[in-house]
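Going down the list, the protein sequences come from chains A and B. First residue of the first sequence? That's 37 in this note's numbering, and the numbers climb one at a time after it. First residue of the second sequence? That's 76 in this note's numbering, and the numbers climb one at a time after it.
Since the hints were made in silico from the structure, they are not lab data. These figures come from a predicted structure and were not determined experimentally. Be aware that one or more of the hints could be misleading.
Claimed, not checked - From the derived model, a few chain A residues whose C-beta atoms are all more than 12 angstroms from chain B:
#, residue
1, G90
2, G107
3, W142
4, A208
Said to hold, decoys possible - Pairs of lysine to aspartate or glutamate residues, derived as DMTMM-like cross-links and limited to a Cα-Cα distance of at most 20 angstroms, are as follows:
#, chain 1, residue 1, chain 2, residue 2
5, A, K86, B, D213
6, B, K251, B, E141
7, A, K86, B, D170
8, A, K173, B, D241
Heads up, the beta-carbon is just placed ideally off N, CA and C, and yes, glycines get one too.
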Amino acid sequence: MSRPPALHFHHVDVRFGEVDVLQDINFDVEPGEFVAIIGPNGAGKSTLIKVAFGLVTPRRGHAAIFGRDAGDQPERIGYVPQLKTFDRSFPATALELVVSGLRRRWPAWIRTAERERARATLAQVGAEGLAQRPLAKLSGGELQRAFLARALIRRPDIVLLDEPATGVDFLAEHDLYDLLEKYQTETGATIAMITHDLAAARYHASSVVAMNRRVHGFGLPEEVLCESCLREAFGHIGHSHEVIVL
Amino acid sequence: MSWLNDLRDIFGFAFMQRALIAGLLVALTSGLLGVFVVQRGLSFLGDGLAHASFGGVALGLLVGLEQPLWVALPFTLVAALGIAWVRERTRLSSDTAIGIFFAVSVALGVLFIGLRREYQVDAWHLLFGSILGIGQQDLYLIAAVTVLAFGLMIPLWGRLAYATFDAELAQTDGVKVGRLEYLLFALAAVVIVASVQVVGVILIAAYLVIPAAAARLVSPSLSVMSLLSVLFGVLSTSVGLVASFFLDVPSGSTIVLTQALVFVVAALAMKR
């Protein structure tokens, strides 16, 4: 019996009010793939992730992770949200953030075993020195590592990332992709990443989904990151994007 | 140690014992709840619900109830759930949603009191509180609300804190964020109605906001903030009550001014 796909979208339609946010989204991501989901602002990329998590109910179609609802298997899924969504004034240390990924609740106190595991995961992402630092005092790159450690501490079979490079400098972004590839090599996990960064999609992903409310291209990076496909998804492509598709 | 003898004398009176216990219970529940109110940017909620309770109590007085809080409770609960509903279903900000219910409740309260056409001493007590007049039945009510608040908030603390940190992240881990928000608002309504007698409608919001805000300034984590918020509330209530006895001024004002003093000390002690 074949394994179910890591990510499965079956003719998914989502409408918010009078706006069709997603139209007939229909694709599968096989286990072990590194898929980049690209598209312009407002293309419905983040909504797609919410559908996968069951946070948005489609008016038609369905989504599944490893053949089941995300809510039935949270321990198999690691999620790295957009940094811009979280409240930086929240009083917390990086260690508490990482332990929240293990416990799936915010920790009032941290047990010794949890502390050791969280420190080991922070070390795995090169952030062992951040454990006791307040989140408010971390740079974008440091925060991204802390959130990545939070996602990886449960040793997920799939890691979903929503624009992980936003607010992160070039070197930190490069390190992030290296860490993801290392984790994938070690564990065989699936990586699904929403990104605006076509260069990252070109050089790190094994497959690319180009979308703008509907899927305009799905396949190998060199197939999808072609000028016609990008023009269809984005409407136009800027000068920097032209460099990628050459 | 004459001040110890003075304290013994002060709290030898049964009404002072009841006042202290009532004030401490309100400080405990408001301190714990206030952490989520402050951290979610809902500081105006305390004022909004306190004024909703004013409308409810005024209605209770109008219909001639001996204990108008039994009308204030459902009245304030409806307002709290209404605010939560408007927040969830519309794009209006929290302060707008609270402001609407605040204004309507005060308007109704003034209308009900106007319709009563009798001496308005009850309404005066309602606005400014009468902690020294707390009876045994009132104390039981406040104690029951304290048990309810702690019974719900301690087991749910980890989920409430997670949803306060990032609602979407908490949802992806199975936390029912929407239900928790309704519960938090409903609990705030119950705590405020039960506490209104202690410091009154005008000052009850301070109990929810100032100790938690002071704790926020000096806390490295939400759990420490919760402990300090409760501690600051308890300390301010004790000191404020004793000060009101010696100065012979209303205790609601001395308690809130002591909370403000704690806030100033915390602000000065805050590490930049």
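To see whether the hints hold, each was checked on the structure:
{"no.": "1", "hint": "G90", "in the structure": "9 angstroms, violated"}
{"no.": "2", "hint": "G107", "in the structure": "6 angstroms, violated"}
{"no.": "3", "hint": "W142", "in the structure": "4 angstroms, violated"}
{"no.": "4", "hint": "A208", "in the structure": "21 angstroms, holds"}
{"no.": "5", "hint": "A/K86 / B/D213", "in the structure": "47 angstroms, violated"}
{"no.": "6", "hint": "B/K251 / B/E141", "in the structure": "39 angstroms, violated"}
{"no.": "7", "hint": "A/K86 / B/D170", "in the structure": "28 angstroms, violated"}
{"no.": "8", "hint": "A/K173 / B/D241", "in the structure": "18 angstroms, holds"}
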